[in-house]
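Participant: Each protein sequence line maps, in turn, to chains A and B. By the working numbering, the letter at position 222 of the first sequence is numbered 222, and the numbering carries on one by one without gaps. By the working numbering, the letter at position 396 of the second sequence is numbered 396, and the numbering carries on one by one without gaps.
Quick caveat, the hints were computed from the structure, so don't treat them as lab data. On a predicted model such as this, the values are computed, not experimentally measured, just so you know. Wrong hints could be hidden among the right ones.
What the hints assert, rightly or not - With a cut-off of at most 27 Å between alpha-carbon atoms, the simulated BS3-like pairs for lysine-lysine come out as follows: (1) 439(B) to 46(A); (2) 331(B) to 315(B); (3) 21(A) to 125(A); (4) 233(B) to 315(B); (5) 302(A) to 182(A); (6) 21(A) to 105(A); (7) 137(A) to 387(A); (8) 336(A) to 269(A); (9) 66(B) to 315(B); (10) 340(B) to 105(A); (11) 105(A) to 66(B); (12) 233(B) to 46(A); (13) 66(B) to 21(A); (14) 302(A) to 105(A); (15) 269(A) to 302(A).
Stated by the list, open to error - Pairwise CB distance ranges, derived in the manner of DEER restraints: (16) 378(A) to 369(B): 53 to 63 Å; (17) 263(B) to 309(A): 36 to 46 Å; (18) 383(B) to 137(A): 52 to 62 Å.
Virtual Cβ for every residue (Gly too), placed ideally from N, Cα, C.
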Amino acid sequence: MAEFSTPTTEHEFAENFAQLKPLMNNTEALYESSRCLFCFDAPCIKACPSGIDIPLFIRQINSGNTTGAARTIYDANYFGNACGKVCPTEVLCEGACVYNLQDMKPIEIGRLQSHATRSVIDANKHLYKAGAPNGRKVAIIGAGPAGISAACELRALGYVVDVFEAKSHPSGLTLYGVAPYKITNEETLAEMNYLQEQFGYSVFYNHPISSRQDLENLEKTYDAIFLGIGLGQTNALRLPGEERDNVVGAVEFIEQLRMRKQGTPVGRKVVVLGGGNTAMDAASESSRLGAEHVVLAYRRGKEEMGAYEFEYDLAKGVGVQGLFNVAPVEILGNGKVEGVRFVRTVTTGDKVSTVPGSEFVEPCDMVIKATGQAKQAGFLSMIPGLKLDDKGRIITNAETGQTTNPQYFASGDARNGGAEVVNAAAEAKATARAIHAFLSK
Amino acid sequence: MPDLSINFAGIKSPNPFWLASAPPTNSGYQIMKAFDAGWGGAVWKTLGVPVVNVSSRYGGVNYRDKRLVGFNNIELISDRPLADNLREIEEVKKRFPNHAVIASLMVQSRQEWHDIVRQSQDAGADGFELNFGCPHGMCERGMGSAVGQEPKVLQMIVEWVMEVAQKPVIVKLTPNISDITEPARAARRAGADAISLINTIQSIVGVDLDNFAAYPIVDGKSTNGGYCGPAVKPIALNMVKNCAQHPDVRLPISGIGGIETWRDAVEHILLGASSVQVCTAAMHYGFGIIREMTSGLEQYMVDKGFNTIYDFVGKALPNVTHWEDLNMKYKVTANIHEEKCIGCQLCYTACEDGAHQAIRLNAGTRVPEIIEENCVGCNLCSLVCPVEQCITMDRTDPGTEHLTWKERVEAGTAPTEFNDEKAGGRHHWVPEPSAALGKERHKTLPGKARVLNGETEIPAEA
């Protein structure tokens, strides 16, 4: 029996994908902010990749200066609202809260953060404006967390900023890749509009930069080019039968879910391959779309999964079943997928080896591959002098984000290999300052 | 079972908890409800020439998420005709003959005082409380605190009352005065049977930042109110103690001010009160709070082996003394119990910025360390620590010596000159002023982790 019935309306979809961190009202924010101890040299700040002065903004909420709280947040992180909702706060700020050491509930920092940012977004209360024009121009490729954060910071520093985005909306994976119960499309885009109205950068949607000619044009027109291109499609498994119908990549599945919502097809019995956070999301989402049976299959043991514990708990909570130490061998079916042949594995040290003769078939009518995203090496090879490391990440100066081609800077997943929205936002802000320093020489 | 009953200057009550003269005692209806709930007595909302009130009337002080840690009002005495109040007093006494009903009174002329005392006496009141405390409105008309602030006038009026009173007379004092024992002594000289204190403190509880008016607001304007609630308890306790210790007062004291729990009541009693009065807590939570108060008081008495309230009235008084009589050889030192510490470092920053720089941080741990030689034993760290019993103040002197300031002065060993060798802080370590430079600024920079002992890097902008 499925945990959820298949949503057929927008309302049912919203119920099945209810927000994990709903907006706090003023009273709740007052009570929660009252609990903050205002630690010295606060561990929550240190745990935040963007270094938001968390005790300060909580104290500002508590004293009725919610606008000031929003400014404290945005001063450090332009994706302040999104991060409050989608950050893995359990392992970042909230995980560092000293209350944990007393076995008490940590401060709900994420929800307090979004409470503050939503108050200015909803009231369209502007906090920033573009700096005095300095006569220089920067092109940004990709309107994701890195690109938009860099755009904001560069506009504040007086640059003309043009953002080129292949898709039709901004914010990258915040919109296209995050589970819908973490943030809604409307909320994501409201923050994007709020930022663009204040900083006034231009975004060219449905405008992929994909050829050497495109790059040459940018190189000629702009003083610097910022790469915020993220990662590519789901990696291929190279398994027999992978081409069958209803075998989809997790990234593609989630994008469809965010765009088509209840119109997203899901199987009755779904097998999700992978042990990372995206696998957890895809499994949870399948269940919330009404799949009767969702199996999460991972080639190593439960403890070795890359996913955060709370993400696995979330999946378990909606009826997802874990299947550990199994490796897919073949995807079976006749046109459409009908099952996955697995072989059992054992982990010895770092090595995973299969157990001969342990093969079995797990019947299903849908397979979601959550086995990582490919790097965009092909595109990056068109940039002269730009080097990648052995994992396909753009090599940059750790402090400035400058690549091995001095006109190019990079931040976000393409540089760090795939991390959180907050990492991209923090990196990009610092990189934007470094671009300014470089061009001001 | 301990006996909670009291005989307060001749007024008997099944327990020491009385409702103070205020809105909760505005009518017989409320007082009967309260007695039903378990209150021992009630001081009726002050009787006099009925007033006309304004709207609004109350203001609150909230602290973070805690509502009404302080409360103020600009309401006046009873606005109901005297006859209505007297009829209800009679009815309450009929139904509750063993509970204490005290008539609070406030009028002007000698004749009025005589009339109102006689009439409330006839209605069956067990005693009187003369309201010389109200610090708003009534004082502008020469009553309330205007009387309490003039011991001679107070004495004269009490004498008028004593001329006709056949029931015990309690004089309620205002705290809006430098020395509370002056009006207390005047009451004693006039022959009063008891005193009650404190009435409310003149106050402004807050200002509307948008409309530039103080709370509570009456058509855009406001006036000072009378402050009460949990926030005033420390002031009340000190004044109760002052009256209880003064050799020329020697009157039973009804303690009032910030009493919300049994614990507050016991504190008042330990400092000399033998009945207690409650208003704000009843206004906030209703009469039902009495359940907690009586059960807490009873449990305390059982735990301590006290049979009656009188076993501990004033029991803390011998231990409240003058500063000059305190033992300067006594020394406590802060002790951080590492296993309980959660690493908030509030003790560190409090001591560093607000005390004597006697706590240090060490690399690799968030647990601060006490620098024992710098610790003056001020308690600050233990007061800011959010964890129960994590920082204790432990005695570190041998406990064999006793020397007071008074004795030092008498022995000529007290500092007397500006740069005296005997200055207490003369050999106490104080950091060089320049050591402060650069220690704060990094904390105010956005988007960067903070710096400490080189554990994290100072941002380039710093």
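Participant: Run every hint past the structure and note whether it holds.
Facilitator: Hint-by-hint comparison with the structure:
no. : hint                         : verdict
1   : 439(B) to 46(A)              : 17 Å, holds
2   : 331(B) to 315(B)             : 25 Å, holds
3   : 21(A) to 125(A)              : 23 Å, holds
4   : 233(B) to 315(B)             : 18 Å, holds
5   : 302(A) to 182(A)             : 24 Å, holds
6   : 21(A) to 105(A)              : 15 Å, holds
7   : 137(A) to 387(A)             : 24 Å, holds
8   : 336(A) to 269(A)             : 13 Å, holds
9   : 66(B) to 315(B)              : 32 Å, violated
10  : 340(B) to 105(A)             : 16 Å, holds
11  : 105(A) to 66(B)              : 19 Å, holds
12  : 233(B) to 46(A)              : 41 Å, violated
13  : 66(B) to 21(A)               : 25 Å, holds
14  : 302(A) to 105(A)             : 26 Å, holds
15  : 269(A) to 302(A)             : 21 Å, holds
16  : 378(A) to 369(B): 53 to 63 Å : 57 Å, holds
17  : 263(B) to 309(A): 36 to 46 Å : 43 Å, holds
18  : 383(B) to 137(A): 52 to 62 Å : 57 Å, holds
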